[in-house]
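*Asks:* Fit chains B, C and D with the ligands to the known structure of chain A by using the hints.
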Amino acid sequence: MREVPVALRLIDRIQENHKTITLVLDHALDARPGQFCMLWLPGVDEKPFSIAGPDPLMFTVSRVGPFSEAAHALSKGDPIWVRGPFGTGWSVGPGRALLAGGGYGAAPLYFLARRLREAGAEVEAALGARTSADLLFMDRFGGLGLPVHAATEDGSMGAPGRVTDVVAPLLGSGRFDRLYACGPEAMLKALEARCRETHVAGELSHEAYMRCGVGICGSCERDARLVCMDGPVFSVPGGG
Amino acid sequence: MREVPVALRLIDRIQENHKTITLVLDHALDARPGQFCMLWLPGVDEKPFSIAGPDPLMFTVSRVGPFSEAAHALSKGDPIWVRGPFGTGWSVGPGRALLAGGGYGAAPLYFLARRLREAGAEVEAALGARTSADLLFMDRFGGLGLPVHAATEDGSMGAPGRVTDVVAPLLGSGRFDRLYACGPEAMLKALEARCRETHVAGELSHEAYMRCGVGICGSCERDARLVCMDGPVFSVPGGG
Amino acid sequence: MRHSGPIDLSCMIAGVRLPTPLVLASGIWGTSPTLLERAARTGAGAVTSKTCTPAPRRGHRNPTAIDWGHGLINAMGLPNPGAAEEVALLRDAARRLAALGVALIASIAADTVEEFGRTAAIVSDAGPALIEVNISCPNVESSHGEMFASSAEAAAAVTRQVKASTSIPCVVKLSPNVADIASIARAVAAAGADGITAINTMPGMLVDAESGAPILAHGTGGISGAALKPIALRCVHEITAAVGLPVIGTGGVLTGTDAVEMLSAGAACVGVGSAIVSRGEHALSLILEELKTWISERGYHGLDDIRGRSHRGAGAGAIITNPPPVPGWEKSRA
Amino acid sequence: MRHSGPIDLSCMIAGVRLPTPLVLASGIWGTSPTLLERAARTGAGAVTSKTCTPAPRRGHRNPTAIDWGHGLINAMGLPNPGAAEEVALLRDAARRLAALGVALIASIAADTVEEFGRTAAIVSDAGPALIEVNISCPNVESSHGEMFASSAEAAAAVTRQVKASTSIPCVVKLSPNVADIASIARAVAAAGADGITAINTMPGMLVDAESGAPILAHGTGGISGAALKPIALRCVHEITAAVGLPVIGTGGVLTGTDAVEMLSAGAACVGVGSAIVSRGEHALSLILEELKTWISERGYHGLDDIRGRSHRGAGAGAIITNPPPVPGWEKSRA
Ligand SMILES: Cc1cc2nc3c(=O)[nH]c(=O)nc-3n(C[C@H](O)[C@H](O)[C@H](O)COP(=O)(O)OP(=O)(O)OC[C@H]3O[C@@H](n4cnc5c(N)ncnc54)[C@H](O)[C@@H]3O)c2cc1C
Ligand SMILES: Cc1cc2nc3c(=O)[nH]c(=O)nc-3n(C[C@H](O)[C@H](O)[C@H](O)COP(=O)(O)OP(=O)(O)OC[C@H]3O[C@@H](n4cnc5c(N)ncnc54)[C@H](O)[C@@H]3O)c2cc1C
Ligand SMILES: Cc1cc2nc3c(=O)[nH]c(=O)nc-3n(C[C@H](O)[C@H](O)[C@H](O)COP(=O)(O)O)c2cc1C
Ligand SMILES: Cc1cc2nc3c(=O)[nH]c(=O)nc-3n(C[C@H](O)[C@H](O)[C@H](O)COP(=O)(O)O)c2cc1C
Ligand code: FES
Ligand code: FES
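Protein chains in written order, with the working numbering: chain A, 1 to 240; chain B, 241 to 480; chain C, 481 to 814; chain D, 815 to 1148.
Treat the hints with care, as some may be off.
To be verified - Restricting the straight-line Cα-Cα distance to at most 27 Å, the calculated cross-link-like pairs of lysine-lysine (DSSO-like) are:
no., chain 1, residue 1, chain 2, residue 2
1, A, K76, A, K189
2, B, K259, B, K316
3, A, K76, C, K772
4, A, K19, A, K76
5, D, K1106, B, K316
6, B, K429, B, K316
Stated by the list, open to error - Negatives, chain A to chain D, calculated, CB over 10 Å:
no., residue
7, G77
8, G120
9, A193
10, G215
11, S219
12, D223
13, P237
Hints in this document: simulated from the structure, not taken from any laboratory. Glycine included, each C-beta is placed from N, C-alpha and C at the ideal position.
Chain A with its partners taken away, still in its complex shape:
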């Protein structure tokens, strides 16, 4: 992939739930799970999105503001401009992995789950959202035949509460070598604390406002680290 935005066409536009779609593009990308691309719509904006699948290239977009709204307005056949992949991504290897996703965080974790399985890992997933209507990718994870623990704040599916409530006992069980997570900042913060308590290594995918995407402008700083270049996946040491 070039570093200059390339116009790719939507070959599919999957409605995931009331506010989330997956854009399926006419292109394959050599990318690792956890990496992201910058998506550009001329006249609108350019924003970072995690890769939900590399072949065909897919992005899962929740409607929250101007850019994501413009992306939702796209139809099959329309172009969207992509540059990337950028960032480091998650480590992939054998072992016992717990995947924790909040909101559209489920999408890149699904890409990760497939790669982990190929690498011989044992994988379980915990997905959370406000209501069952907000839960994403439950079917896809189910389709991989791996245990999925759901949590909804209104209790409409799975355990009532947040995904962190489901993850905490799982981490404490000693059944997992590593936690992979993607979701809202508050969730990541809570999970980081759980990792430290339970001495389970964590790899958490963070967000920040991005401009260049390639580690030069400094816009995406988090504590002297650049989310676009050093991350978006940051490690919490395990061991203990």
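*Replies:* Here is chains B, C and D with the ligands on its own, set in the frame of chain A:
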């Protein structure tokens, strides 16, 4: 090799005869026989020279004017700047090859002779000069164990006369599929005529004043052809 | 969405119709009629001869042209046989090109305003379709002291003089090495130019680390090829926003996509030079084929469908989003 | 010919001694003190903070920076928290850098001559080693209408005002986008500048073929990285030929050899920006190591052995050969 001049060092400076030296450089170049490089001496000039050997890279330089004089003034350890290789070069394959060289033209033909032998060709060489002292590379060709026909204008070695006089009967003998030549323009002109008469295919290496060396400036034109890009080796069709 | 009907790639520049929008840039392959014909046979709609000057020039000594990895840099020093001798070459070239339906553009330069006029009159005798007025060569010291393209007044004075000296339409070639190229474009437009060529090379220098010396014998030279493209696109965009004249958009066009970008920036047609090095002698035909394919794959009919789109702005329905405050801002306000 | 003695890579710029000749260019990694410290730890002799302006600026909307294959192009629009907030960040940065012996250069810009002076006074409170006066950002529309770096008078006026407003030495950052950069250098030298940074980015534009739109939301942007190197080398050579001021040579330095070239062209020290993208976050330490190796392999002792060699000319014993007449010449005379 880069297109920008690179400073290479002389690891040897072989005196070939009273006016000709071979510069041996600390570098190997992936080049075909017949290709040339631009040699630069800062403050002096940049001129084209045929590759006399690719590994180590060698150029054979006759002292005729300002640039070649400056090249002759170089000592072991000195830098000379090289860009290339440029041009098309001679075809290399099995068959019966006659090589005809005048003056420093013997140098690139020696590189060719080695490649032709590797390719399984039968090779003979005809070398000409004014006097025996001007003959170049006789020993090297001899060292390859191939027949060498010499011609000197003063008769001090080999047949008296010009190399064209020696080549004419050889071409007429039907023993050769192809003539390869490098030398002064008058010699090439005469050889081209002999090729046409005898229906032996010719590959003649020409010279012209060069500036860019890469086929853009037009300085080296010969009859709508660019010596640096289309040549320096030009074909005379054989068959009959 | 492949297009079925015929695609028309012809275009107009200063009253002259070109069969294709590709123009061989001046200085490429020199002044030789046979080489200009060779270029014409590879897909050019017009070919530009090497700039000629009133008196013959040997040009600078070598090195004169280097491929430095991101394009070329050259300081040929305008080697040419002089206008009086050039006329014969141009006449020969014009005859060869006429048979192919390809236009000849004769490039001229001079040291003074008056000599520009005289040189234009001389080369007009050969009957070129256009005269290109090169006021932007970075590689010759003129008695004028600086490039005529550096000042709106000087550029306009040359344009007026040339226009008064010939009835052949004139395009004026501008330099990127000015603070405001649009103001120069306005000046030459007001002075009567029939078109603009943008751009000539950008002054630069290569330095050899080993010796510390500039690599080109002339010291500085003109940058062309890949590195020049974004400068050229910007200049063409700015010029076509400022004046209504047709522009031969030149600089770093190496592919059909580059040509689409140049046309999008507002160019009437597209100059090609350094591509000959990066893509080989058939560069123009490769670019032309790529351009054709690009247009037909999108169901477009011709160049009018793509020309000038960079000027459209974000469009009526565009959503403009603002970046958030910068990190330091948030922090220091917290 | 490996050198045995110690190699001294320290250098002076405007009265400030830097432990290494590498300077992190302004705008790289923004205004964050922790990121400036991180850069300082990778081999910088000085780091330059992101340009700050009197009032906070959000900057332009995305896309703001693109790696286009031959370097970067950016139109960030100077996002910064404003001088008043920036002081706290600079103070923090100065403290972190002091511990490492690395100098802090505070970059400022403004819309008017008076505001330049006020901003210089404000950031002086943080005690940077140098103030860099950015009169050459191509990406902001100022009420002044054009860049101050475009005119000798405007550049001199800003320099005088800044010098009157602070006792900290000032380097003025120039733009390549002028007809004659030496004349601007002479003007800021006469106005009291203590040094010059050359160069800022060169204005350019990327166009997206598919949509026809400029890719950067701002339309035009500044070219940096590989494509800028020959322009920067030429500017540094021309400036150091014209004035005696030390120059932070900046533009397209990606390797140790590039740094040697920049020093050869006359630079006192070497700015590095876009290399962070092409060579990664450790770009500065890679360049520094390569520079050291280059110097020691040649038996040199330090930067003085290589600096300014491009000005030596062909030398006394040089042989100057002339090119032959051009082909057309010979032909038409025959
Ligand atoms: C590495 C990375 C991966 C991402 N992956 C995805 C993905 O796979 N799917 C997806 O839908 N989105 C993803 N995002 C988020 C996405 O980039 C956009 O931010 C999102 O679409 C909002 O853009 P917008 O223009 O639609 O709305 P905006 O107006 O930009 O934002 C919408 C909401 O987010 C809030 N917001 C915006 N910026 C910030 C900020 N810096 N800090 C806190 N809140 C902010 C706004 O206040 C508003 O409530 C990712 C972001 C990053 C950094
Ligand atoms: C493809 C190619 C390969 C070459 N290979 C070699 C090589 O292997 N070894 C080697 O020694 N030289 C070679 N040359 C010639 C070499 O490039 C120089 O031309 C030669 O060294 C003369 O340069 P100079 O500055 O020393 O002398 P110059 O002053 O340039 O020339 C010396 C003599 O050559 C004559 N001369 C110069 N230019 C021309 C011209 N265009 N037409 C006719 N006569 C001219 C001059 O009048 C003078 O008598 C090659 C040239 C080409 C084009
Ligand atoms: C070797 C060379 C010689 C040139 N000679 C001239 C010239 O004589 N007159 C002129 O107007 N431009 C000359 N140019 C500039 C080109 O016409 C063109 O403007 C420039 O190279 C940018 O286009 P490109 O990037 O496609 O090469 C020359 C360029 C090169 C590379
Ligand atoms: C993303 C980015 C942001 C920049 N921001 C500034 C800035 O705020 N102030 C400034 O004077 N120069 C700025 N510059 C220009 C650099 O300081 C430098 O002059 C230019 O990039 C050339 O150096 P380089 O080729 O090493 O990158 C910026 C450059 C880049 C790439
Ligand atoms: S977005 Fe520019 S450094 Fe991360
Ligand atoms: S030397 Fe320039 S075209 Fe051959």
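*Asks:* It remains to establish, for every hint, whether it holds in the given structure.
*Replies:* Right, here's what the structure says about each hint:
1. For a cut-off of 27 Å, the pair hint linking A:K76 to A:K189 is broken: about 37 Å separates their Cα positions.
2. Distance restraint check for B:K259 and B:K316: the Cα-Cα separation of roughly 18 Å lies within the 27 Å cut-off, and the hinted pair is therefore satisfied.
3. The straight-line distance between the Cα atoms of A:K76 and C:K772 is roughly 26 Å, inside the 27 Å bound, and the hint therefore holds.
4. The straight-line distance between the Cα atoms of A:K19 and A:K76 is roughly 18 Å, inside the 27 Å bound, and the hint therefore holds.
5. Taking the CA atoms of D:K1106 and B:K316, the gap is near 26 Å; set against the 27 Å cutoff, the hint holds.
6. For the given pair, B:K429 sits about 37 Å from B:K316 by alpha-carbon distance, which is inconsistent with the 27 Å threshold.
7. Every CB of chain D is more than 10 Å from the CB of A:G77 (nearest about 13 Å), matching its label as outside the interface.
8. With a least beta-carbon separation of about 31 Å from chain D, A:G120 lies farther than 10 Å from that chain, consistent with its non-interface assignment.
9. Annotated as non-interface, A:A193 keeps its C-beta farther than 10 Å from every C-beta of chain D; the closest such distance is 23 Å.
10. Distance check for A:G215 against chain D: the nearest CB is about 6 Å away, which does not clear 10 Å, and the non-interface claim fails.
11. With a least beta-carbon separation of about 7 Å from chain D, A:S219 fails to lie farther than 10 Å from that chain, contradicting its non-interface assignment.
12. Not every CB of chain D is more than 10 Å from the CB of A:D223 (nearest about 7 Å), against its label as outside the interface.
13. For A:P237, the requirement that its beta carbon stay farther than 10 Å from each beta carbon of chain D is met, with the minimum near 20 Å.
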